[in-house]
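Colleague: Sequence:
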Amino acid sequence: MDALVLAGGLARPGDRLYPLIPDRPKALLPLLGRPMLQWVLEALDAAQAVDRVLVFGDALETAHPWRFGKPIQFLPDGGSMVANILEGLRRLHQERPGLVLLVSGDVPTITGEIVDWVAENAHRLDAEVVYHVVERRVMEARFPGVRRTYVRFKDVEVCGADVNVVHTVLSQRQDDLWERLYAARKSPLRQAALLGWDLVLAVLFRRITLKEAERRIARRLRLDGVVALSPYAELAMDVDKPEHVALAETALRRRQAETAQAPSPKPDEHPGASP
Numbered sequence: 001m002d003a004l005v006l007a008g009g010l011a012r013p014g015d016r017l018y019p020l021i022p023d024r025p026k027a028l029l030p031l032l033g034r035p036m037l038q039w040v041l042e043a044l045d046a047a048q049a050v051d052r053v054l055v056f057g058d059a060l061e062t063a064h065p066w067r068f069g070k071p072i073q074f075l076p077d078g079g080s081m082v083a084n085i086l087e088g089l090r091r092l093h094q095e096r097p098g099l100v101l102l103v104s105g106d107v108p109t110i111t112g113e114i115v116d117w118v119a120e121n122a123h124r125l126d127a128e129v130v131y132h133v134v135e136r137r138v139m140e141a142r143f144p145g146v147r148r149t150y151v152r153f154k155d156v157e158v159c160g161a162d163v164n165v166v167h168t169v170l171s172q173r174q175d176d177l178w179e180r181l182y183a184a185r186k187s188p189l190r191q192a193a194l195l196g197w198d199l200v201l202a203v204l205f206r207r208i209t210l211k212e213a214e215r216r217i218a219r220r221l222r223l224d225g226v227v228a229l230s231p232y233a234e235l236a237m238d239v240d241k242p243e244h245v246a247l248a249e250t251a252l253r254r255r256q257a258e259t260a261q262a263p264s265p266k267p268d269e270h271p272g273a274s275p
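1 is the number of the first residue of the sequence shown in our numbering; add one for each residue after it.
In short, the hints are calculated from the structure, not lab data. What you are looking at is a predicted structure, and each value in this text was computed from that prediction instead of being measured. Worth double-checking, as some hints may not be accurate.
Unchecked claim - Just the calculated beta-carbon pair ranges, DEER-fashion:
#1 Lys70 - Lys154: 38 to 48 Å
#2 Ser80 - Pro144: 14 to 24 Å
#3 Ala257 - Asp23: 29 to 39 Å
#4 His123 - Gln73: 39 to 49 Å
#5 Pro30 - Glu258: 20 to 30 Å
#6 Thr209 - Ala260: 36 to 46 Å
#7 Gln174 - Pro19: 40 to 50 Å
#8 Gln261 - Pro65: 22 to 32 Å
#9 Gln172 - Arg207: 33 to 43 Å
#10 Gly79 - Glu120: 28 to 38 Å
#11 Ala260 - Arg67: 30 to 40 Å
#12 Arg12 - Arg253: 41 to 51 Å
#13 Thr209 - Pro76: 37 to 47 Å
#14 Gly78 - Arg16: 40 to 50 Å
From the three backbone atoms N, C-alpha and C, an ideal C-beta is built for every residue, glycine too.
All chains, full assembly: derive it from the sequences and hints.
Modeller: Listed below in structure tokens is the structure:
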């Protein structure tokens with residue numbers, strides 16, 4: 001499976017991360033001495049499901065000696081998340097149509113194991129869009145003190161993840177779906193117009209379950225899509241505020257310590273080792 005990493009965007013005045021990395025790509029924000037994007041790339045490199053990666057973002061390719069063992073290509077930021085997604089999907093659709101990972105460049109705590117779970121889950125669900133969400137209790141247990149925007153359904157309270165899966169065929173749609181989705185991302189009124197007031201009110205008053213909302217959204221947008229609950233809070237741990245830096249670094253430091261303490265396998269424990 002190929003992966004599109006969305007790492008465009010500079011920290012500008014007014015941005016919460018601006019004091020930490022002013023007028024530079026947010027993907028270069030240092031975490032334990034490495035750019036945030038490097039942590040994301042290492043997870044993709046470790047994932048068996050990932051074959052190659054396209055990274056969207058200006059001034060990134062030469063900004064750091066990136067460590068990545070698989071084929072990788074850096075492409076300029078197209079000006080918006082939608083433009084980058086469509087450009088990447090179109091490129092990949094021409095070469096090898098199929099499911100693609102959409103990965104935000106600011107989720108540094110993901111691992112190869114988590115990425116492989118996302119890919120396996122997407123193949124099992126067999127849909128054109130697999131959108132992952134994380135339950136509030138899972139999120140706050142893994143990252144105490146994290147503040148996320150949650151949507152409360154009749155049966156569960158969730159936040160959206162930043163690693164999802166789409167099929168390249170969606171780049172061939174001839175309507176304005178992508179533009180409408182992008183325009184509505186921060187506007188409740190546009191979201192209501194896009195999804196329908198009946199659905200918005202049903203969610204607002206917790207009269208609808210997550211699966212019921214999934215079916216109604218898919219039907220309204222004419223999408224073969226599913227919403228999947230993820231057991232991994234890391235998928236929704238995007239670093240977009242100064243307080244998130246400490247949370248991410250704590251998780252990364254703990255992982256490094258666990259890796260250092262893990263016993264090295266004996267020679268005869270390696271797969272394929274001679275008896």
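Colleague: It remains to establish, for every hint, whether it holds in the given structure.
Modeller: Against the structure, the hints:
no., hint, result
1, Lys70 - Lys154: 38 to 48 Å, "holds, 42 Å"
2, Ser80 - Pro144: 14 to 24 Å, "violated, 34 Å"
3, Ala257 - Asp23: 29 to 39 Å, "holds, 34 Å"
4, His123 - Gln73: 39 to 49 Å, "violated, 24 Å"
5, Pro30 - Glu258: 20 to 30 Å, "holds, 22 Å"
6, Thr209 - Ala260: 36 to 46 Å, "holds, 43 Å"
7, Gln174 - Pro19: 40 to 50 Å, "holds, 44 Å"
8, Gln261 - Pro65: 22 to 32 Å, "holds, 28 Å"
9, Gln172 - Arg207: 33 to 43 Å, "holds, 36 Å"
10, Gly79 - Glu120: 28 to 38 Å, "holds, 33 Å"
11, Ala260 - Arg67: 30 to 40 Å, "violated, 18 Å"
12, Arg12 - Arg253: 41 to 51 Å, "violated, 29 Å"
13, Thr209 - Pro76: 37 to 47 Å, "holds, 42 Å"
14, Gly78 - Arg16: 40 to 50 Å, "violated, 24 Å"
Hint check: violations occur at hints 2, 4, 11, 12 and 14; the rest are consistent with the structure.
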